[in-house]
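Asks: Now for the letters of each chain:
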Amino acid sequence: MIRKLNPGNLARWAVTLPPSLFLVVFFLLPALIVVAASLREPGEFGGLAPLFVGGAFTHALTLDSYRFFFGDTIYLEIFVKSFFIALLTTLICIALAYPLAWLIARSPKRRRDLLVLLVILPFASNLLIRVYAWILLLGPLNLLYTPVAVVAGMVYVHLPFMVLPLYTNLEKHDPALLEAAQDLGAGTWTRFWRVTFPLSLPGIFSGSALVFIPVLGMFAIPELLGGTGDLMIGNLIKEQFLDNRDWPFGATLSLLLTVAVLLCAGLAVLAAKKSFKGTEAVT
Amino acid sequence: MKVERPPPPTPRPEGGGDGGSPPIGGSMQLARPALSPGGEAVRGRPGSGARPWIWAASLGVYAFLYLPLAVVVLFSFNDSVLNAEWVGFTTRWYDRLLHDEDMLRAAANSLLIALVSSSTATVLGAMAGIAMHRYRPRLLPFLALTPVAMPEILLGVSLLLFFRQVLDLTLGLTSILIAHVTFSIGFVAVIVRSRLAGMDESIFEAARDLGATPWATFRRITLPLILPALAAGFLMAFTLSIDDFVITFFVAGVGVVTLPLQIYSMIKVTVTPEVNAVSTLLMLLTLSVVVAAARFAPDALKARE
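Going line by line, the protein sequences match chains W and V.
Offset between the first sequence (1-based) and our numbering: plus 839.
Offset between the second sequence (1-based) and our numbering: plus 2.
Extracted from the complex, chain V is given alone in its bound form (with noise of 0.2 Å):
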């Protein structure tokens, strides 16, 4: 556990410019001179294999993100009405969960919501992954992303006084929908772009030189070649919607209620195995959906950073 900070042996030739940070520069300074004779393979190679702490900690870390997830989908089959302890094998949260108007009105709500907020969101993120890509405009990477980055609940807040206070509309369906669109497009319109980034510009450039038209252009060849990130944003602005809690809890009103919406009053009033039932539906949804998008465009998972 020693640690020895040896100084580097050659000084650094530039005048610490920047004096950005020492021990960086000084450790590669360290370093350098050694890459160059060390072509050959070198022994023990120290930064592949992992130790076995690696692998305990590692382990540990994937037990905290599943375990209690599995705790949920566990007392949902469990016969009795306290979360507590394992009573016997029981489906009758389910059947419960089937008979439940308000949960099915919810879940019919939110499917609604979902396919409609997110079949407008691919039309509008595909035209601004393509124009981020092509004509590099100045305002829109700024108007998709931010309400990507920014927290939640300033978007719900400001969609809430945007609707009531200037377009004084009835909180509801369309205000849930626009809300969903405005934070789904910035997903889209990353997984287009990183789409088109990866393509070859030449094929574009085939088609125009033998004439096509810019719209015969997208038809016969930009549309097919992206088709796959649409299908991939599509689905990830899908669960994107029929997940979202906080921006919907700020412009649902009183009128509509989604399955998220639903869950929360259930949780925060009592804890029912009837929310370890639809806890464990809804997991199964996404978790498919979520799957199917990263058959699609595998890097499009990686595309929400």
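Chain W extracted, bound-state conformation (with noise of 0.2 Å):
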């Protein structure tokens, strides 16, 4: 049964069975779950018609969730509207990231992590007390309860996320490149959108994942700062699940922002390996 219980094998086991264990039951198990509560009905008093009746598999699964999904547009319509705004928010976290991380990567080292730590320090402090922040500052300016609010928290709790792997990616790069642009007659415009803009991508299509991510299935954020019509996907499943007691329809929400999230993941791991592809020959 255990093919040779020596020493070298049981600490192997001793360090990788207990989180793998703890992980596949309270991280696999679950996700496994979220995509059999899709197909289920829902209960009568909520939640779903039980998925086991004495340790069987019981009721027959429906398609139900789904076809309400893409039965009405108002559905696609958010979650359309969630992807702009996530795109909206990456965009401007790039143009509000590239000259700070530009500049920590620049400066002599000992500069150097103080300028990061003052970057990671407010990203340190609890989400809901940034979104609050926003509500002070919005309020007076007749800004709350609009788009606008929606995206300036976006962009400020997630920005971090953005400059911390652009200025990894800048610190990189070969100062040599951009003397010898220089000396080839390459102006401050040329030498960034030709040597610097074309080696950094890696670093930005890897924040644009950061960002990105965990934008597009944020709840609290249009909830506190935006108005009835900001609704986004995460807001849609915390309803599901918690106001309307629609489970198996907020499952089925839950695994379409998943699918959304793994094509996004997926895609920005592509766009940074060709980048990066591009770029190894010369760094």
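Just so you know, nobody snuck in bad clues.
Calculated Cβ distances over 10 Å to all of chain V for the following chain W residues:
| id | residue |
| --- | --- |
| 1 | Thr-901 |
| 2 | Tyr-905 |
| 3 | Arg-906 |
| 4 | Ile-913 |
| 5 | Asn-1083 |
Facing chain V, a subset of chain W residues (Cβ under 8 Å, in silico):
| id | residue |
| --- | --- |
| 6 | Ser-859 |
| 7 | Trp-941 |
| 8 | Pro-979 |
| 9 | Gly-1089 |
Not everything, but these chain W residues come out facing chain V in the computed CB check (under 8 Å):
| id | residue |
| --- | --- |
| 10 | Ile-872 |
| 11 | Pro-961 |
| 12 | Ile-1076 |
Just so you know, these hints were derived from the structure itself, not from any lab.
Positions of the beta carbon are idealized from the N, C-alpha and C atoms, including for glycine.
Grab the two chains, each in its own frame, and use the hints to assemble them into the complex.
Replies: In structure tokens:
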């Protein structure tokens, strides 16, 4: 049964098994339950019709939740809008993070760590506090409960995710490349667009994934800063689980969000790999 | 501002095999020949020294990061019920906080949950980190790192479904603890693994050659060496737990309220200066923990990526 219980093997299982077991039970299994739940009917008193009765899988499965989702354009609209907000947030983050990351990467080594820490510190404070700060700021400006407030909050909360990978990338650039470009007569702008920017694409892509994906699933920011028309996928999911108690539909929405996230992550990895291939010849 | 794009003087030697990104290949081909003679110091190093507008833009971004939080801190000392204008200095919001039963209970819950969950996550995460470094298991990195990378709401609802439908568990302390351990393991594992990756493998080989059992090697060599990483991982897991709102929101049920849940219900209803005070205190707490974590393992924060 057990191949050979020598001490080396024992040590291997002693460190691998406990965390694996814990995560299989409390991460993998729940994730699979979401798939099963999306194919169920809602229970009489909210929740699901029981999944297991007497240890056996019961009831027929149904695609009702999926039909419901695609039967009404309102849900697709919210998905599209969430994508748009995530995209906008990502672009603004790139624009704000780039000069900062560039500055940090070009600073003397001693100052660099401090500048990085200054980016991380606000990020260490609670999400709700950071959102609340914007309630205070935007309230007097009459911008609260608008899409502008939602995007501002999203950018504020996720900006460090863009700065850090971008900085890590820019730090590795060989200054000799820029010197060479200058020697060949390239101006500041040309040097940026034809040397620095292409080389930084892997950093931009990994930062984008780190911003885009959490924004897509966020519900606290649209709920606290947005108006009734600014609901996103996350709010929809929350509503199904806690207010409407239509858990199968909530599970369906979660699953569709997962698919969207996996697609985005896959795209980001592909794009980063491709741009990396283009740059590795020189770095 | 004019952008001139001279054609590369030398044709690209490779036949455009992957058809990747021409501008990159082009400009690099342009840059490369100049590198070989360029061993000597070059005038006016273009990459070093930032331009004023970059400084200005960066300062603007730092202001964007800190101004909102500064406003919260400032108004926590404001002697007015409205968060609109500065009236005068007071500490009465902190006073009120100390006598707010609900808030104190929430804080106690949060501390208890953070301590237990981060201790558990440190043990399991250290195991995972060691396993990932030494044995390169295939499934474990996926299991440990996916909860870190995916939107929190997905982990929240999947655990809610699991606890209620499969385990039929009453939501409360246990469900919150399990959820927090689940998302913290990955962070600890990454910190421990990067610490191990930076170490000389020959120490472990030497121990083995001298006849140390795996347990003795672990206790006398591995453990002391990864201790700073364990401390950083513990602190990281602690802040993650005490700060978590989204996942806790789904698995807390009605009985147990944590500090973030309490803050949430307060800012949903009305905005009172008490929120400013509790936010300021919570910020101070997480700030000191993060600074401590950065001390123990300077690379730990970067490992969050």
